[in-house]
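J.: Here are the chains, one letter per residue:
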Amino acid sequence: MLPRLDIDRTRAYPPRVTAFTQTFWSGLQNGEFATTRCDACDKLAFPPKPICPHCWSTRLTWTPLSGLGRLYSQTVVHAGPTVFASEIPYRVGIVDLDEGVRLATRIIADTEPALDAAVEIVTLAYRDGPLFAARVITP
Amino acid sequence: MTRNVAIIGAAGLPVRKWQTAPGDEIQVLEHEVLAKVVIEAMADAGADKNDVASLVFAQPRPYTTQKYFATFMANYLRLPCTGSVVEILGNGMTAALAFEAAANDIRLGRAKVALALGVNFETATPAVDHMMNSMRATGDVDFHSPFGFTPISWYAMDAARYIHEFGSSRAELASVAVKNRRHAALNPIAQLRKPITLDDVLAQKPIVEPLGLFEVPPRGDGAACIVLADEEVARARGKPYVRVRGRGFFHEGAHQINEVPNDMIALVAAAKAAQAAYAEASVSAQDIDLAELYAPCTIIEVLASEALGLVPRGEGARRCSEGETSLGGRIPICTSGGLQSRGHPAHVTPFYSFLEINQQLTGRAGERQVANARLAATSAELGNYNAAMVHVLEGVG
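In order, the protein sequence lines correspond to chains C and G. Counting in the working numbering, the first sequence tops out at residue 124, every number present. Counting in the working numbering, the second sequence tops out at residue 452, every number present.
Honestly, the hints are just simulated from the structure, not real lab data. A few of these clues could be false.
[Stated by the list, open to error] Computed, partial: chain C to chain G, Cβ under 7 angstroms:
{"hint": "1", "residue": "TYR(-2)"}
{"hint": "2", "residue": "ARG1"}
{"hint": "3", "residue": "SER58"}
{"hint": "4", "residue": "VAL62"}
{"hint": "5", "residue": "HIS63"}
{"hint": "6", "residue": "ALA64"}
{"hint": "7", "residue": "PHE69"}
{"hint": "8", "residue": "SER71"}
{"hint": "9", "residue": "ARG87"}
The beta-carbon is built from N, C-alpha and C at its ideal position, and this holds for glycine as well.
Hey, can you work out the whole structure from these sequences and the hints?
T.: Here you go:
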């Protein structure tokens, strides 16, 4: 189960949900972090996809991810789009999960984190639905 | 028989805020502005209007009210065409793709003369609203945009990684902005020309950490036209021209980040596109006399100059701070002032690179002239250099 942070407002720019990706988003709401693994070539995709981007097979299986990884890079955004005005400045980054998957997300850290720091994925439970973020693990 | 393509003329509007607000009584409109630039470019080329058979446009921004802009302009310029009349879109690479499409019509024998042209008006839309568009172009709408990634936030993460891996200093990175402003001071069409110091750059408010205001591009409007021709037409004019010697393109099949972790700051697309362009031109990076790189932020000029082999990996920022990439240095980069100072009307930005190289390789760059310049490289990109187009250009005559 992912750690869960409750956030008492709605998401500024909610993702669209399809019949396929609702497995990901409803799982995230329940503290699960999963993506698709190809039955033919065994490779993971992220974001989850109804096709394998590597070999174009359409036989895929939802697979849980550990949610553990390293911070590849990060920045703090001081000039952002209208919908994020109330959140500025905010920290975003790129995370390499232990399973060999790279993703981009919000970063939760009290101070500027060192790159390559260990991070964990957390569920951000907004009033209208979930997002995820990576939180720096303090040793 | 493969036809050689030449640049025989070019013109560009000074980059600045031109666009009027929707409510203004008197409007500055895209088609009038661009038409004058076309006339100027054709006069520069000394080409015959009747030889122009293709019009390849960079697609305007969504804020341009006149739609089907290309066909509207074919009428406005009263220019029947047998090659193409088309608008092209490819984010920051848009104008380089338009240049290529125009060149292809010449290579295919469909046009003796082809225009690659466009206008980018956007400044009447405030930055915070513009980013509502641009964040959807430089990210996955469902898996990146909800977190608030802006176009230049990706470049900022390149900067953080570069400093982490190579121990480059903030001052070394910031020296790129100082150098580009120094170049822009000599360029009459540059947007920001007042000289700045390293302290000025480092004192700016942060935009996307660690990059401050002077290390990211200002917003601007621009319009440009490049006149391309079959080399036989170019030669018959009896004036210097620029030959397209090589072209390389690579899209790494990734959008902003590679879902399989890779070395993000190697700019693999730029490296592969450059290798292809150098191979086609039968040159190596050491043969290049100057380069006009598509680099919205200081860090990107550093990374692109490394990926193109113009400076050693991990040393680009330091080499810039030591003057190696300045006018008068070993390999002058962005003599126009680059995107931070010449300006960055994004859909036409690569046209301004060709314009600068055209002036340099025909010996008409004035105070910015690189002595004995013969071979130049240009780059264009989209995303976080996930795709790149590199050209090798040669001055003839």
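J.: Which of the listed hints are not met by the structure?
T.: 8
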